[in-house]
Amino acid sequence: MDPFFYERPTELTRAAARAAEPGAMIYAGGTTMLDLMKHKVYAPERVIDITRLREPGLREIRRDGDLLVLGALVTMHQAAEDATVKAEAPAISESLWLAATQQLRHMATLGGNVLQRTRDPYFRDPSWQAVLTRNDPRDSGEPEGANRLGAVLGTTETFLASYPGDFAQSLAAFGATVEITGPDGARSLPFTDLHVLPADREAPDQVTRLAPGEIITAFRVDLSPATRRSTYIKVRDRSSYAFANASCAAGLAMEGETVADVRLGLGGVATVPWRATAAEEVLRGERPTDDAIKAAAEAAFADARTFHHNAFKVPLGQNTIRRALTVLRDMEG
Amino acid sequence: MTRTYDISEAATGLPMIGAPEPRYDGRMKVTGQAVYAADAPVSGTLHAALVLAPQARGTVSAIDAAAAEAVPGVRLVLSHLNYPSDLEAVPTFATGGTTQASWQGFESPELHFAQQPVALVVADTIQNAREGAKLVSLTVADPAEAPVASIFAEAAPEARDISDVIPNVVAGDVDAALSSAAHVVEARYTTPFQHHNPIELYATTAEWRDGGLIVQCPSQWMTGTRAALATKFGLAVERVRVIAAVTGGGFGSKATVMAHTFLAAQAARMVGRPVKLYLSRHDMWTAGSHRPESSHDLRVGMDAEGRLTALDHAQVQQTSRMDDVPLPGTEMTTRMYGWNAVRGTNALVSTDTNTPGFMRSPAEVPAFFALESAIDELCVASGRDPVEVRLASDSMTEPVEGLPWTSRSLAECLRRGAEVFGWEGRSERPGTRTRDGLLIGHGVASAMYPIYASAAVVDVRLGSDLSVRVSAGAQDIGGGTYNVLTQMAAATLGVPLANVTAELGDSDLAPNGVAGGSRQTASLTGAVKDACEKVIAELAQVATKEDGPLAGADPASATVADGKMSIGDRSVPLQEVVALVPFGVVKMRGSWIPASADPKSIMDLYRRGATSLIGFTTDTHARSSFGANFVEVSVDPVTFEIRVPRMVGAFAAGRILNEMTTRSQLMGGMIWGVGSALHEQTEVDPRAARFVNADLGEYFVPVNADVPEVAVEIVPEEDPHINPLGMKGVGELGITGMAAAIANAVYDATGVRLRDLPIRMEHVLQGMQT
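The listed protein sequences correspond, in order, to chains B and L. Residue 1 is where the first sequence starts when you use UniProt numbering, and the numbers rise one by one after that. Residue 1 is where the second sequence starts when you use UniProt numbering, and the numbers rise one by one after that.
Please note: incorrect hints may appear among the correct ones.
Claimed, not checked - Taking lysine-lysine pairs in the DSS-like style, the calculated list, with each CA pair at most 27 Å apart, reads:
#	chain 1	residue 1	chain 2	residue 2
1	L	Lys134	B	Lys40
2	L	Lys600	L	Lys564
3	L	Lys534	L	Lys587
4	L	Lys545	L	Lys534
5	L	Lys134	B	Lys38
6	L	Lys600	L	Lys534
Simulated from the structure, these hints should not be mistaken for lab results.
With the hints as constraints, model all of the structure from the sequences given.
Here you go:
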């Protein structure tokens, strides 16, 4: 790890100002960032530790009518365990529970969690640059290399590295809003606009739409029947401590026999947190029969692009959607 | 010459299944008190870090170390530019020597594999060493040829016949036997690159003192490491000392001496200070060995009565361009059942990796995955029960040379395992057994591991307070060697277990062979017994002197028990006898040399680290432990996740000295088998011939949640031919049948036959959708 300046401000505005300086990175739980610094993927000159910021909202989970607000410094563990989250948006709690390990969930914060980078091995070891002729960005993954865990949605011909998180899929599914404070003040953004699709990047390293110094302060989720009847399905190679090969955050609201509202967020199969709006459209207003669910699952992957080792992610992703929706359909509603 | 030992409890003082004593070093390890090789403080130590070349082939044409040398605290940048040219090449283990590979340091600028260490930066702190290492800049002249990543790559060279190294095994006319068989299965099975990943990382601290060399490094082989260092640096073996009091797992990875140990020693010599080189998990993927890829073409025949009759097994295995490491899997498969005719052949394919090596049950894990899967396919083809077929094909004589097994309890293991597991036979149609929405499959496979033996030497000291110290330059790699030594000495000397301590892991102690190949317990205990008997004889001489408490009695008939020495009906407290010994202590060196080994083998062991290995077959017998693995798998029909909710292993390995450590060894092997079958694969980039997932975050092994129910059954077995105590090894046995048992259970659950490891969800998905 390279030497760096370390600062631990207590005021959000000061943190934003300091984080806007060249070479600065924001540090919260550190569970991904320290790894990447040790691997020399990140080499910040300044580390701005925001864990001592005094603004109480950063550490709160608050319900205000049908609005759920999750502070950015709430840990994964706290949010997973929160009674309101469990009752009002179980998919959020489940997506956190099924991620990482007990130790990591106690360290990692919600704000940092959504910013975790791809687990693509070519990204995590910069020495690949010396042996592979690679274009920027370095977090693209390798179409001709080991890419079993690569994405099939939101890819380009040369970019297939998958977004690894779980929590973000439930935020995407529920149409959450992300609250941001920067050197120029506060703003908000639809969560699905936070991450930049590879094809839309303006610069190779533009992973998110956060400007220098901008700090995520909270996530806002509108609670609804579809958040209450929701679940998170995670499919992986072993029973714990593994990233998803495919995952689905799903919410369902019924009106009599037909679907009033359905929400689908997909993980493990896409380059960014992914909302399967096309699949939602197929089901909305329909009876959720096996055939309708199957049609929705197929619609979700209509634009999929597969690579050498990851073609299985299309049927696997479809089946993960089918599993999630079947579970919700058969739930007492 | 057939030799039969009296292994009875009366003769040996040992029960056939010994008490379940907890690990001698267990508490120390789980409370963090154990001092591992890299933990031991050495005054004035400098720290080192490796520079790895990312290219798999080519020549390092320039090294720019100026930036590294400018880092404060950097003392040395070692590379081929300043590496001595007069260091001796030490023979590799595969050629009867002690080293992991013929690449042993910076002798040349040539690259043999990706991530090969090409420079070592030595600094006052580990941080500065690593900072310096990062700043070393390499220029590599590209080779004409692209590297070859895998034996399965299109560009892989032809397989080379190695029958001059491992003779083909041929008995009977296998082609005729197959053509007259009622059922024949012909199929190819493959296994991937895998890495051992013991928890304790590789490390070496080297210190030159008084013209000699002291090295602390985790090692399964103290005597061999000492011999290797002595040869490398032109020293007498007495000038070299290797220390590792405990190890945090070895599994074969620490059996042989790796290049980084030589590099640390050379760096220490150049800087005139002790140097510690502590490898990262990532570095370990190429600093040491791995399980090579393999491919197995099998033809297996069964007669109309459901008896296995013929096996034609052609094994192709990966090795490095530098070294041939042949793992003789077909030697075992051709002898496993009462075949009428067999042919076993072996071939190698050289690719651009570091030299492969010994990873827990190196020959058996791949070879028995193939054989025991093929047998399952025959059972499906013939509609027969896999347990019944194996029972019908059991034989107390191996079929190649017609040698009797010293003991063989395969049938008892199959029956006992089936009973404990609740084996109901295969489903009539695969894919029809369900529970809670999951497809359930049951699978079985036989397990075996040959019995090796080495010459062993042990010192036993009995003190005036009846304290006993057992010392050997051997190693406890987690199997409970400390325990068996203390238990054995306590039983033989008739003193409480609490009186006995053991010391291992220091090459200054009595020379011993490698702690690998499941041989150490059976070899060392013979030497402990010999040393203890010499102690008793010495005490009997003293006790029966004219003025002794047992004056006039015959010393040859002395026995000890419960702290007393008895001759006939006279007895005396042992402590009184010890008090009469000059200097008040008795110290004796005991040894054990396997019956058919060269008596000079101990001298070879001492000087060269030669292994004096007694193998799988002798003139009179075939030697192996056997067992049976039963596995239940569940497969989610929607998500295709494969899990192993329960497994049962039944094993027989002769006398069991410690029921608890034996059970734990076998359980560990079975759990590893789940990883080997379902999780573990070192992926290799096809263009760069470089390992991709060199990190425990991406290289999967089972977690606790993956192994909810593991049952180990120890089947009693008496073997009067194998050695004086009737003991066989268990360290490698538990894993050998697991991969096939799981593959067979996956077939039972889904109807999909998968012949390539690891078995993953996409393979089941693809199979079930077509």
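Status of each hint after checking the structure:
no.: 1; hint: L:Lys134 to B:Lys40; verdict: 9 Å, holds
no.: 2; hint: L:Lys600 to L:Lys564; verdict: 37 Å, violated
no.: 3; hint: L:Lys534 to L:Lys587; verdict: 9 Å, holds
no.: 4; hint: L:Lys545 to L:Lys534; verdict: 17 Å, holds
no.: 5; hint: L:Lys134 to B:Lys38; verdict: 12 Å, holds
no.: 6; hint: L:Lys600 to L:Lys534; verdict: 21 Å, holds
Checked against the numbered hints listed earlier, the structure breaks hint 2 alone; every other hint is satisfied.
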